[in-house]
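Q: Below, each chain spelled out in residue letters.
Number of protein chains: 2
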Amino acid sequence: MRSPLPVSRTSAVPAGAEEPISLRDMGSFHVGGRLVEIEGKPIKEVTFTAGGVPARVDPNGTYQVEQMYVQYFLPVNERGACPFLLWHGGGMTGVTYETTPDGREGWLNYFLRKGWSVYNSDAVERGRAGWAQYPDVFKGEPLFLTTADPFARFRIGDGPASHDPDPAKRRLMPGSQFPNEGYETFVKQLAPRWTTTDDAIVAAYIAEIDRVGPSIILFHSQAGPFAFKVAQTRPDKVKALIAVEPAGVGDPAKVDVLRTIPTLIIYGDYIERDPRWPKIRATGIAFAEAMKAAGGSVDVIDLPRVGIHGNSHLTMMDKNNLEVAGLIQTWLEGKGLSRKR
Amino acid sequence: MRSPLPVSRTSAVPAGAEEPISLRDMGSFHVGGRLVEIEGKPIKEVTFTAGGVPARVDPNGTYQVEQMYVQYFLPVNERGACPFLLWHGGGMTGVTYETTPDGREGWLNYFLRKGWSVYNSDAVERGRAGWAQYPDVFKGEPLFLTTADPFARFRIGDGPASHDPDPAKRRLMPGSQFPNEGYETFVKQLAPRWTTTDDAIVAAYIAEIDRVGPSIILFHSQAGPFAFKVAQTRPDKVKALIAVEPAGVGDPAKVDVLRTIPTLIIYGDYIERDPRWPKIRATGIAFAEAMKAAGGSVDVIDLPRVGIHGNSHLTMMDKNNLEVAGLIQTWLEGKGLSRKR
Numbered sequence: 001m002r003s004p005l006p007v008s009r010t011s012a013v014p015a016g017a018e019e020p021i022s023l024r025d026m027g028s029f030h031v032g033g034r035l036v037e038i039e040g041k042p043i044k045e046v047t048f049t050a051g052g053v054p055a056r057v058d059p060n061g062t063y064q065v066e067q068m069y070v071q072y073f074l075p076v077n078e079r080g081a082c083p084f085l086l087w088h089g090g091g092m093t094g095v096t097y098e099t100t101p102d103g104r105e106g107w108l109n110y111f112l113r114k115g116w117s118v119y120n121s122d123a124v125e126r127g128r129a130g131w132a133q134y135p136d137v138f139k140g141e142p143l144f145l146t147t148a149d150p151f152a153r154f155r156i157g158d159g160p161a162s163h164d165p166d167p168a169k170r171r172l173m174p175g176s177q178f179p180n181e182g183y184e185t186f187v188k189q190l191a192p193r194w195t196t197t198d199d200a201i202v203a204a205y206i207a208e209i210d211r212v213g214p215s216i217i218l219f220h221s222q223a224g225p226f227a228f229k230v231a232q233t234r235p236d237k238v239k240a241l242i243a244v245e246p247a248g249v250g251d252p253a254k255v256d257v258l259r260t261i262p263t264l265i266i267y268g269d270y271i272e273r274d275p276r277w278p279k280i281r282a283t284g285i286a287f288a289e290a291m292k293a294a295g296g297s298v299d300v301i302d303l304p305r306v307g308i309h310g311n312s313h314l315t316m317m318d319k320n321n322l323e324v325a326g327l328i329q330t331w332l333e334g335k336g337l338s339r340k341r
Numbered sequence: 001m002r003s004p005l006p007v008s009r010t011s012a013v014p015a016g017a018e019e020p021i022s023l024r025d026m027g028s029f030h031v032g033g034r035l036v037e038i039e040g041k042p043i044k045e046v047t048f049t050a051g052g053v054p055a056r057v058d059p060n061g062t063y064q065v066e067q068m069y070v071q072y073f074l075p076v077n078e079r080g081a082c083p084f085l086l087w088h089g090g091g092m093t094g095v096t097y098e099t100t101p102d103g104r105e106g107w108l109n110y111f112l113r114k115g116w117s118v119y120n121s122d123a124v125e126r127g128r129a130g131w132a133q134y135p136d137v138f139k140g141e142p143l144f145l146t147t148a149d150p151f152a153r154f155r156i157g158d159g160p161a162s163h164d165p166d167p168a169k170r171r172l173m174p175g176s177q178f179p180n181e182g183y184e185t186f187v188k189q190l191a192p193r194w195t196t197t198d199d200a201i202v203a204a205y206i207a208e209i210d211r212v213g214p215s216i217i218l219f220h221s222q223a224g225p226f227a228f229k230v231a232q233t234r235p236d237k238v239k240a241l242i243a244v245e246p247a248g249v250g251d252p253a254k255v256d257v258l259r260t261i262p263t264l265i266i267y268g269d270y271i272e273r274d275p276r277w278p279k280i281r282a283t284g285i286a287f288a289e290a291m292k293a294a295g296g297s298v299d300v301i302d303l304p305r306v307g308i309h310g311n312s313h314l315t316m317m318d319k320n321n322l323e324v325a326g327l328i329q330t331w332l333e334g335k336g337l338s339r340k341r
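Protein sequence lines, in the order shown, are assigned to chains A and B.
Throughout the first sequence, residue numbering follows this note's numbering, covering 1 to 341 in sequence.
Throughout the second sequence, residue numbering follows this note's numbering, covering 1 to 341 in sequence.
Calculated directly from the structure, the hints in this document are not laboratory data.
Hints should not be assumed to be uniformly reliable.
A few chain A residues that don't get close to chain B, going by computed Cβ distances all over 12 Å [as the list claims (entries may be wrong)]:
hint: 1; residue: Glu-19
hint: 2; residue: Leu-23
hint: 3; residue: Leu-35
hint: 4; residue: Asn-77
Just so you have them, the derived chain B footprint on chain A, three or more residues with Cβ under 8 Å [to be verified]:
hint: 5; stretch: 94 to 104
hint: 6; stretch: 144 to 150
Quick caveat, the model's predicted, so the values are computed rather than measured.
We treat Cβ as the ideally placed atom computed from N, Cα and C, and that holds for glycine.
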């Protein structure tokens with residue numbers, strides 16, 4: 001796919017059949033974060049641009065850190081009951097929900113076309129949120145992933161040795177829905193991440209929902225604990241939680257706070273074949289059961305059990321991504337949160 | 001501004017008067033970059049998510065580095081002769097062209113509304129492009145800016161001591177058009193940057209234009225040398241160059257290659273009051289003169305000389321940003337590159 005135009009034509013929905021996306025507004029903002037003081041560094045002379053003029057830069061002073069980035073798309077024909085927030089997983093950014101690595105429409109466009117005001121974000125230290133110097137501000141080192149690492153860990157490949165630079169030689173899970181031909185592009189979407197910034201990420205997400213107001217949150221993987229914790233902090237501002245393969249949960253001692261928030265938890269395929277996912281899923285199921293015991297409304301969908309097979313950890317990028325999105329949209333309509341067309 | 005809805009209402013164009021933005025498609029892709037091998041690092045056990053399950057991570061292997069991110073918006077009523085690429089400056093990302101720091105419409109929306117297919121990007125090592133580990137891949141340290149640094153250097157403030165945390169105490173240039181009340185938000189848009197990645201950035205921009213095809217490039221500050229070099233490498237694929245306060249230029253020995261490319265160079269206000277900008281501008285003017293001497297078509301506009309006063313280095317964020325955008329649009333129409341409505 002050399003240009004985005006052919007790309008759009010390869011969408012799961014034939015381009016000819018697609019209505020235009022009509023927006024009353026689109027834009028972005030940064031929110032949250034804090035100011036920190038850094039002292040004791042030597043003054044530098046920096047030539048910012050080759051052939052430019054050197055500037056004296058004093059690295060001592062006040063820095064803005066731990067803010068996050070939010071991009072919003074507001075449809076003309078709004079049918080959602082409230083804003084729809086998309087939160088990405090670890091080592092990833094809001095690109096997660098945009099065009100799939102093989103060039104099909106992602107969940108951002110899907111939910112926008114369904115009439116939701118969609119807010120797609122980059123969490124603290126990821127993408128357009130920017131990141132802070134370490135060890136001065138962030139503790140520990142950033143983590144980078146090899147091109148091979150996510151292939152098995154995200155349940156695309158069949159076993160730790162399943163990745164190969166040659167797409168034809170990669171051993172995908174039997175019946176995998178991941179677009180193997182897009183794996184190189186998926187790897188380009190990966191961003192360095194820390195494992196020490198959870199509190200800052202949660203604080204910025206709270207700032208986001210305080211600004212946007214009562215919203216639905218759809219979140220993936222690492223954002224599992226973030227979204228449940230934000231909901232436990234601002235239960236009045238969360239109208240529904242949609243957890244896509246959450247890697248963690250909220251505070252088990254506060255499940256009663258989530259009682260009023262309709263919650264959907266989705267797991268993909270091959271869980272049992274993975275060394276880590278049976279336990280990760282069990283943690284999610286236990287949290288869901290505790291929410292229910294506290295009077296909450298939680299639906300757990302294991303995609304293979306409803307006849308949807310082959311999904312990796314990257315459900316929103318899999319070839320059947322719009323089928324899974326449709327299942328989420330139907331659930332939201334069932335909760336009275338979206339008007340049918 | 002608590003929510004983007006009021007924000008959009010504060011647009012320079014009254015929201016009521018705005019037509020919807022109607023898109024035949026929107027999406028994103030990553031392009032460019034290379035694979036590198038990293039060896040000799042210890043294997044780590046990483047718990048990616050608090051309460052999650054530890055994973056064994058081998059940091060040795062192949063890494064994808066130096067790719068860039070491109071987000072595109074394709075209008076239903078296309079009136080531009082070709083795609084319109086927006087390239088940001090140093091320490092910044094594509095956010096530069098989105099909503100202004102005080103919540104008005106930026107140049108992305110403006111040119112989209114004028115019927116251009118707009119491609120807004122994050123250069124290598126910035127924003128959603130991701131960044132590579134150093135010193136293994138990138139040489140040197142990343143550069144972070146204090147909240148005070150850009151205030152005078154971007155010609156918002158009047159002198160090096162003009163910045164103050166209290167907006168009311170900041171000494172702006174007399175008649176400044178920069179939205180002082182948005183400065184805190186502008187600072188949140190800043191991203192760490194290196195000064196050693198120019199070649200990788202140019203290579204990725206060439207990959208972008210090779211994928212998108214013949215395009216107009218509008219570029220700011222640090223992207224000056226990048227855009228002129230890309231045009232000198234792919235003159236057949238650059239239909240116009242719009243340089244907004246370029247911090248550098250191309251190869252003076254190859255100005256003849258740019259002969260066929262209509263070029264507009266724009267400078268803001270307060271150049272003479274700045275310690276660095278008179279020389280930076282002189283470099284740009286000399287390059288423009290050399291292009292003309294080689295038979296090129298170059299228009300240089302010093303905004304104050306055409307009655308547009310008060311512009312900082314961040315023209316696209318200043319309160320009169322749409323007036324300057326209109327000047328650019330008129331220039332493009334004059335070159336026969338955009339059909340009038």
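Q: Hints first: check each against the structure and report whether it holds.
A: Hint check:
no. : hint       : result
1   : Glu-19     : violated, 10 Å
2   : Leu-23     : violated, 4 Å
3   : Leu-35     : violated, 7 Å
4   : Asn-77     : violated, 10 Å
5   : 94 to 104  : holds (count 5)
6   : 144 to 150 : holds (count 6)
In this structure, the earlier hints numbered 1, 2, 3, 4 are contradicted, and the remaining ones agree with it.
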